[in-house]
Amino acid sequence: MDLREINDLKILAARIRIAALTAIHSLGSGHVGGSLSIADALAVLYGREMKYDPADPAWPERDKLVVSKGHAGPGVYGTLATLGFFPYEELLTLNKPGTHLPSHCDRNLTPGIDMTTGSLGQGTSLAVGMALGDKLKGRTNRVFLIVGDGESNEGQVWEAFSFAAAKKVSNLVVMLDWNKRQLDGWTKDTLPMGDYVAKFEAFGFDTVKVDGNDAEALSAALEHTRCGGDKPFAIVMDTVKGAGVPEVENMDMNHSIPVSDEQFERWTAELKAQIAEWEA
Amino acid sequence: MKTIFTGEKDPRLAKSVIGETLTDMLETDPDVIYLDADLMSCIGTLKYAKTHPDRAIECGVAEANMIGVACGLASAGFKPVCHTFGPFASRRCFDQVFLSGAYAKNDITVIGTDPGVTAALNGGTHMPFEDTALYRTIPTATIFDPTDMVQLENVLRQSVDMPGVKYIRIGRKDLPKIYEADTLFEVGKALVVREGKDATVIAAGIMLGEALTAAENLSRLGIEIEVIDPFTVKPLDALTICRSARKTGAVVVAENHSIHGGLYNAVLEVLAAGCPVPAAAVAVEDEFGEVGPQSYLQKRFGLTADHIEEEVKEIIQRKHV
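Protein chains in written order, with the numbering used here: chain D, 145 to 424; chain Z, 638 to 958.
Bear in mind the hints are in silico, worked out from the structure with no lab data behind them. Virtual Cβ for every residue (Gly too), placed ideally from N, Cα, C. Keep in mind that a hint or two might mislead.
27 Å max Cα-Cα, derived DSSO-like pairs, lysine-lysine [to be verified]:
hint	chain 1	residue 1	chain 2	residue 2
1	Z	Lys652	Z	Lys687
2	Z	Lys950	Z	Lys936
3	D	Lys281	Z	Lys687
4	Z	Lys834	Z	Lys810
5	Z	Lys639	Z	Lys826
6	D	Lys353	D	Lys195
7	D	Lys324	D	Lys281
8	D	Lys375	Z	Lys687
9	D	Lys195	D	Lys332
10	D	Lys312	Z	Lys684
11	Z	Lys742	Z	Lys826
12	Z	Lys646	Z	Lys826
13	D	Lys312	D	Lys281
14	D	Lys332	D	Lys312
15	D	Lys312	Z	Lys687
16	D	Lys332	D	Lys343
17	Z	Lys834	Z	Lys956
18	Z	Lys684	D	Lys281
19	D	Lys195	Z	Lys639
20	Z	Lys810	Z	Lys684
21	Z	Lys826	D	Lys240
22	D	Lys281	Z	Lys742
23	Z	Lys810	Z	Lys639
24	Z	Lys652	Z	Lys936
The following label-pair restraints were derived from C-beta to C-beta distances [claimed, not checked]:
hint	chain 1	residue 1	chain 2	residue 2	range
25	D	Trp330	Z	Asp732	21 to 29 Å
26	D	Asp200	Z	Asp732	52 to 60 Å
27	D	Gly242	Z	Glu823	47 to 55 Å
28	D	Glu233	Z	Leu821	50 to 58 Å
Isolated chain D, as found in the complex (with noise of 0.2 Å):
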């Protein structure tokens, strides 16, 4: 990858960082942590790796993304409106009567979500499923699962991954954001999970742990997920909770947060002097 692509990808994330705060900043509070942590991998999956057309969301041959961790659905909608799946000004409307944008990510309402979420560990089977469905009917495209740290609590999640290891779900990449942070607090606090990468290892996934805020990183991880072969991928993403906006960074508690006028102007002009160094 040269340093232009590079770049392009991270100005991409900054801008999902703007626009999941815009909408939550509309309603005034909301999940920044969880949704700013995925930032760069959403760019990096929508700027790079996956195949799709906001023109025609339902398009089949299309690449699906489920983010199980449903409640990051500003981060998603963020880069969803970034990319032209429904006007920007639609982020105005996050959570608000009649919206089609609610807190959690539902496949029957807003165009470019692929699988409704929310309650946790159900995404990983329904993208297991979804994966395995694709791959039966003879379609090349893939299926991504975004999973949150403090997600994998639930027993339904190890299901999913030990039946996508066994069918041999190889057009499935799993994307475990390991923040290290749950809604209690520190995941070391709440219910230590261990180390992810002899888990899924054990489990018999092609697994790679890289920095999850560091798109040539994630690129690189993704790139790989190409390759075919016989197994389900899984690539622990090392994030920090609320990446990008170094006051989410660190405050004690950063799952959802009230987002201050103030605040918000001063965040989102951090991010986007960064961009304009980016693009010089």
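Following the hints, put chain Z in place on chain D, whose structure we already have.
Below, chain Z without anything else, positioned relative to chain D:
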């Protein structure tokens, strides 16, 4: 619609009807796909699955994942049919059926075998008296409680092309012959299996045969009961139920299920709202299941023709009060 009830059992077992019908559906419709949670050999599909692993998906003992995978397959264009025992098809994976299935609009069919006392020797842990109640709370769900083999096969074939979550609760063993082959069943349309004037008995699943036996016995005493097979517990045919209730003035509901939340409650809701008449239940009281042969359990929990007859005689007295 013609009935052929004489009390004679259908020589086919329900598990064979499910297994053979499913296999035929898999062979004739490439979009039908079948998933099981380590209970294929209980409905005779294991042999087929061994040679068709892409059509019959063995999920192991992981029902929540099975439902989720089925819902994912539905979104990819398949018509999934999932099977496991009733308690695991309802209580164990309720949230997955509710959200990944109904809420997300992923259309799946779930077969829960051995509901209520048909779990027999597997005992209380495997004996759901509340599966219908759970599924009734799922918006847009359809619940079938088939009464004979003709209806079972028809229901199974219909269900895969219907929208939403479809739940079929069915024992794996025998059932009396009730309907002529090729009888058509319309979802949400109850069948008046026997006409009468003195009381209405609405009976689902294994209780329809008991109700028809009770009808014969009562007839010898000069009491003519109308017997209705609701066919689908949800949607429930309020029109047919109210028409009969107004005609007879009393309703007994018979079901292999708890008195809480199942067909009895569904009928009470219809009666209270539109055609109030005295009503009574032949159903399981507020109890857990226990182990034993089905014939013992039917007596133990009062799921018999005798009990229906008692309730009919009693309610006829009440309606004259």
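Now for the hints, and whether the structure bears them out:
no.	hint	result
1	Lys652/Z with Lys687/Z	holds (18 Å)
2	Lys950/Z with Lys936/Z	holds (19 Å)
3	Lys281/D with Lys687/Z	holds (20 Å)
4	Lys834/Z with Lys810/Z	violated (33 Å)
5	Lys639/Z with Lys826/Z	holds (15 Å)
6	Lys353/D with Lys195/D	holds (24 Å)
7	Lys324/D with Lys281/D	violated (37 Å)
8	Lys375/D with Lys687/Z	holds (21 Å)
9	Lys195/D with Lys332/D	violated (37 Å)
10	Lys312/D with Lys684/Z	holds (22 Å)
11	Lys742/Z with Lys826/Z	holds (24 Å)
12	Lys646/Z with Lys826/Z	holds (25 Å)
13	Lys312/D with Lys281/D	holds (15 Å)
14	Lys332/D with Lys312/D	violated (32 Å)
15	Lys312/D with Lys687/Z	holds (17 Å)
16	Lys332/D with Lys343/D	holds (16 Å)
17	Lys834/Z with Lys956/Z	holds (13 Å)
18	Lys684/Z with Lys281/D	holds (23 Å)
19	Lys195/D with Lys639/Z	violated (56 Å)
20	Lys810/Z with Lys684/Z	holds (20 Å)
21	Lys826/Z with Lys240/D	violated (40 Å)
22	Lys281/D with Lys742/Z	holds (20 Å)
23	Lys810/Z with Lys639/Z	holds (24 Å)
24	Lys652/Z with Lys936/Z	holds (24 Å)
25	Trp330/D with Asp732/Z: 21 to 29 Å	holds (27 Å)
26	Asp200/D with Asp732/Z: 52 to 60 Å	violated (32 Å)
27	Gly242/D with Glu823/Z: 47 to 55 Å	violated (36 Å)
28	Glu233/D with Leu821/Z: 50 to 58 Å	holds (52 Å)
Of the hints listed earlier, those the structure fails to meet are numbers 4, 7, 9, 14, 19, 21, 26, 27, in rising order.
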